[in-house]
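Trainee: Listed below, chain by chain, are the residues.
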Amino acid sequence: AQKITQTQPGMFVQEKEAVTLDCTYDTSDQSYGLFWYKQPSSGEMIFLIYQGSYDEQNATEGRYSLNFQKARKSANLVISASQLGDSAMYFCAMREQNTGRRALTFGSGTRLQVQP
Amino acid sequence: NAGVTQTPKFQVLKTGQSMTLQCAQDMNHNSMYWYRQDPGMGLRLIYYSASEGTTDKGEVPNGYNVSRLNKREFSLRLESAAPSQTSVYFCASAQGLSGNTIYFGEGSWLTVV
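In the order they appear, the protein sequences are chains A and B. Residue numbering for the first sequence follows our numbering, starting at 1 and increasing by one per position. Residue numbering for the second sequence follows our numbering, starting at 1 and increasing by one per position.
Be aware that a few hints might be false.
[As the list claims (entries may be wrong)] Taking lysine to any residue and the SDA-like style, the derived pairs with C-alpha atoms no more than 20 Å apart in a straight line are:
{"id": "1", "chain 1": "B", "residue 1": "Lys9", "chain 2": "A", "residue 2": "Glu61"}
{"id": "2", "chain 1": "B", "residue 1": "Lys57", "chain 2": "B", "residue 2": "Gly40"}
{"id": "3", "chain 1": "A", "residue 1": "Lys16", "chain 2": "A", "residue 2": "Glu61"}
{"id": "4", "chain 1": "A", "residue 1": "Lys16", "chain 2": "A", "residue 2": "Lys73"}
{"id": "5", "chain 1": "A", "residue 1": "Lys16", "chain 2": "A", "residue 2": "Pro116"}
{"id": "6", "chain 1": "A", "residue 1": "Lys73", "chain 2": "A", "residue 2": "Gln30"}
{"id": "7", "chain 1": "A", "residue 1": "Lys3", "chain 2": "A", "residue 2": "Asn98"}
{"id": "8", "chain 1": "B", "residue 1": "Lys57", "chain 2": "A", "residue 2": "Phe12"}
{"id": "9", "chain 1": "A", "residue 1": "Lys16", "chain 2": "A", "residue 2": "Gly85"}
{"id": "10", "chain 1": "B", "residue 1": "Lys57", "chain 2": "A", "residue 2": "Ser74"}
{"id": "11", "chain 1": "B", "residue 1": "Lys9", "chain 2": "A", "residue 2": "Ser41"}
{"id": "12", "chain 1": "A", "residue 1": "Lys73", "chain 2": "A", "residue 2": "Asp22"}
{"id": "13", "chain 1": "B", "residue 1": "Lys71", "chain 2": "A", "residue 2": "Arg102"}
{"id": "14", "chain 1": "A", "residue 1": "Lys3", "chain 2": "B", "residue 2": "Val60"}
{"id": "15", "chain 1": "A", "residue 1": "Lys3", "chain 2": "B", "residue 2": "Gly58"}
{"id": "16", "chain 1": "A", "residue 1": "Lys73", "chain 2": "A", "residue 2": "Pro116"}
{"id": "17", "chain 1": "B", "residue 1": "Lys14", "chain 2": "B", "residue 2": "Lys71"}
{"id": "18", "chain 1": "A", "residue 1": "Lys70", "chain 2": "A", "residue 2": "Gly85"}
{"id": "19", "chain 1": "A", "residue 1": "Lys3", "chain 2": "B", "residue 2": "Lys57"}
{"id": "20", "chain 1": "B", "residue 1": "Lys57", "chain 2": "A", "residue 2": "Asn98"}
{"id": "21", "chain 1": "A", "residue 1": "Lys3", "chain 2": "A", "residue 2": "Asn67"}
{"id": "22", "chain 1": "A", "residue 1": "Lys3", "chain 2": "A", "residue 2": "Pro116"}
{"id": "23", "chain 1": "B", "residue 1": "Lys57", "chain 2": "B", "residue 2": "Arg77"}
{"id": "24", "chain 1": "A", "residue 1": "Lys70", "chain 2": "A", "residue 2": "Tyr54"}
{"id": "25", "chain 1": "B", "residue 1": "Lys57", "chain 2": "A", "residue 2": "Ser80"}
{"id": "26", "chain 1": "A", "residue 1": "Lys3", "chain 2": "A", "residue 2": "Pro40"}
{"id": "27", "chain 1": "A", "residue 1": "Lys3", "chain 2": "A", "residue 2": "Lys73"}
{"id": "28", "chain 1": "B", "residue 1": "Lys9", "chain 2": "A", "residue 2": "Asn76"}
{"id": "29", "chain 1": "B", "residue 1": "Lys9", "chain 2": "A", "residue 2": "Glu44"}
{"id": "30", "chain 1": "A", "residue 1": "Lys3", "chain 2": "B", "residue 2": "Pro61"}
{"id": "31", "chain 1": "A", "residue 1": "Lys3", "chain 2": "B", "residue 2": "Arg44"}
{"id": "32", "chain 1": "B", "residue 1": "Lys9", "chain 2": "B", "residue 2": "Glu59"}
{"id": "33", "chain 1": "A", "residue 1": "Lys3", "chain 2": "B", "residue 2": "Met41"}
{"id": "34", "chain 1": "A", "residue 1": "Lys3", "chain 2": "B", "residue 2": "Ser75"}
{"id": "35", "chain 1": "B", "residue 1": "Lys9", "chain 2": "A", "residue 2": "Pro40"}
{"id": "36", "chain 1": "B", "residue 1": "Lys9", "chain 2": "A", "residue 2": "Asn67"}
{"id": "37", "chain 1": "A", "residue 1": "Lys73", "chain 2": "A", "residue 2": "Thr24"}
{"id": "38", "chain 1": "B", "residue 1": "Lys9", "chain 2": "B", "residue 2": "Tyr64"}
{"id": "39", "chain 1": "A", "residue 1": "Lys3", "chain 2": "B", "residue 2": "Gly40"}
{"id": "40", "chain 1": "A", "residue 1": "Lys3", "chain 2": "B", "residue 2": "Glu59"}
The set of hints was computed from the structure by calculation and includes no laboratory data.
Just need the whole structure built from these sequences, with the hints factored in.
Mentor: Structure, rendered in structure tokens:
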């Protein structure tokens, strides 16, 4: 069964610094996608970045990059130049593409607080 | 383009009451999902529908029923609400497998007292 693990319940970072949020996953599927979502206090799920299991390059979207290490089964999110508006919950998720229900499985999340 | 629309946004129920959460998408997606999110936790899959006319259980289906009325709509019903069902409920839809093809509604806050 697929599983996502986020070991950091909470993280603090100073404004303008970079921060890495950890995510490890477990799957027997060879084809899968990895996602990061941001959930601000208002509650909506905001898509940040996607990495396919066959993508050779690490995904980047503006200040967000995904450090994908397939052999280690890790998909860490790196936020560069943190801003106060980055304070939120962050969820790592995986979607298997060949087996099962092809739904997203989520980790328990990391609460990021950006300090001025 | 409305995307995924959930109603109601907020609801308070008494234990034992029934209610239906409605979800509609206007993107012609085949797959639709219902998740719940409890405090301090990630989203957990309740039910999903891979296509019109089909539904299957997810990780936490007990106490819920679903109906895929047509391709656009996927409803979640609580027949006899319990305090343990107090949660935030998210509907999502998807088309295709690769890339960001999953779209979420804004969430429905349900409290059972």
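Trainee: Does each hint hold? Answer for all of them.
Mentor: Each hint, compared with the structure:
{"no.": "1", "hint": "B:Lys9 <-> A:Glu61", "result": "violated (30 Å)"}
{"no.": "2", "hint": "B:Lys57 <-> B:Gly40", "result": "violated (23 Å)"}
{"no.": "3", "hint": "A:Lys16 <-> A:Glu61", "result": "holds (17 Å)"}
{"no.": "4", "hint": "A:Lys16 <-> A:Lys73", "result": "violated (29 Å)"}
{"no.": "5", "hint": "A:Lys16 <-> A:Pro116", "result": "holds (9 Å)"}
{"no.": "6", "hint": "A:Lys73 <-> A:Gln30", "result": "holds (12 Å)"}
{"no.": "7", "hint": "A:Lys3 <-> A:Asn98", "result": "holds (16 Å)"}
{"no.": "8", "hint": "B:Lys57 <-> A:Phe12", "result": "violated (38 Å)"}
{"no.": "9", "hint": "A:Lys16 <-> A:Gly85", "result": "holds (11 Å)"}
{"no.": "10", "hint": "B:Lys57 <-> A:Ser74", "result": "violated (28 Å)"}
{"no.": "11", "hint": "B:Lys9 <-> A:Ser41", "result": "holds (15 Å)"}
{"no.": "12", "hint": "A:Lys73 <-> A:Asp22", "result": "holds (11 Å)"}
{"no.": "13", "hint": "B:Lys71 <-> A:Arg102", "result": "holds (18 Å)"}
{"no.": "14", "hint": "A:Lys3 <-> B:Val60", "result": "holds (15 Å)"}
{"no.": "15", "hint": "A:Lys3 <-> B:Gly58", "result": "holds (14 Å)"}
{"no.": "16", "hint": "A:Lys73 <-> A:Pro116", "result": "violated (33 Å)"}
{"no.": "17", "hint": "B:Lys14 <-> B:Lys71", "result": "violated (31 Å)"}
{"no.": "18", "hint": "A:Lys70 <-> A:Gly85", "result": "violated (30 Å)"}
{"no.": "19", "hint": "A:Lys3 <-> B:Lys57", "result": "holds (18 Å)"}
{"no.": "20", "hint": "B:Lys57 <-> A:Asn98", "result": "holds (18 Å)"}
{"no.": "21", "hint": "A:Lys3 <-> A:Asn67", "result": "holds (18 Å)"}
{"no.": "22", "hint": "A:Lys3 <-> A:Pro116", "result": "violated (35 Å)"}
{"no.": "23", "hint": "B:Lys57 <-> B:Arg77", "result": "holds (13 Å)"}
{"no.": "24", "hint": "A:Lys70 <-> A:Tyr54", "result": "holds (9 Å)"}
{"no.": "25", "hint": "B:Lys57 <-> A:Ser80", "result": "violated (39 Å)"}
{"no.": "26", "hint": "A:Lys3 <-> A:Pro40", "result": "violated (24 Å)"}
{"no.": "27", "hint": "A:Lys3 <-> A:Lys73", "result": "holds (11 Å)"}
{"no.": "28", "hint": "B:Lys9 <-> A:Asn76", "result": "violated (32 Å)"}
{"no.": "29", "hint": "B:Lys9 <-> A:Glu44", "result": "holds (12 Å)"}
{"no.": "30", "hint": "A:Lys3 <-> B:Pro61", "result": "holds (18 Å)"}
{"no.": "31", "hint": "A:Lys3 <-> B:Arg44", "result": "holds (12 Å)"}
{"no.": "32", "hint": "B:Lys9 <-> B:Glu59", "result": "violated (23 Å)"}
{"no.": "33", "hint": "A:Lys3 <-> B:Met41", "result": "holds (14 Å)"}
{"no.": "34", "hint": "A:Lys3 <-> B:Ser75", "result": "violated (27 Å)"}
{"no.": "35", "hint": "B:Lys9 <-> A:Pro40", "result": "holds (17 Å)"}
{"no.": "36", "hint": "B:Lys9 <-> A:Asn67", "result": "violated (36 Å)"}
{"no.": "37", "hint": "A:Lys73 <-> A:Thr24", "result": "holds (6 Å)"}
{"no.": "38", "hint": "B:Lys9 <-> B:Tyr64", "result": "holds (18 Å)"}
{"no.": "39", "hint": "A:Lys3 <-> B:Gly40", "result": "holds (17 Å)"}
{"no.": "40", "hint": "A:Lys3 <-> B:Glu59", "result": "holds (12 Å)"}
Hint compliance for this structure: hints 1, 2, 4, 8, 10, 16, 17, 18, 22, 25, 26, 28, 32, 34, 36 are broken, all remaining hints hold.
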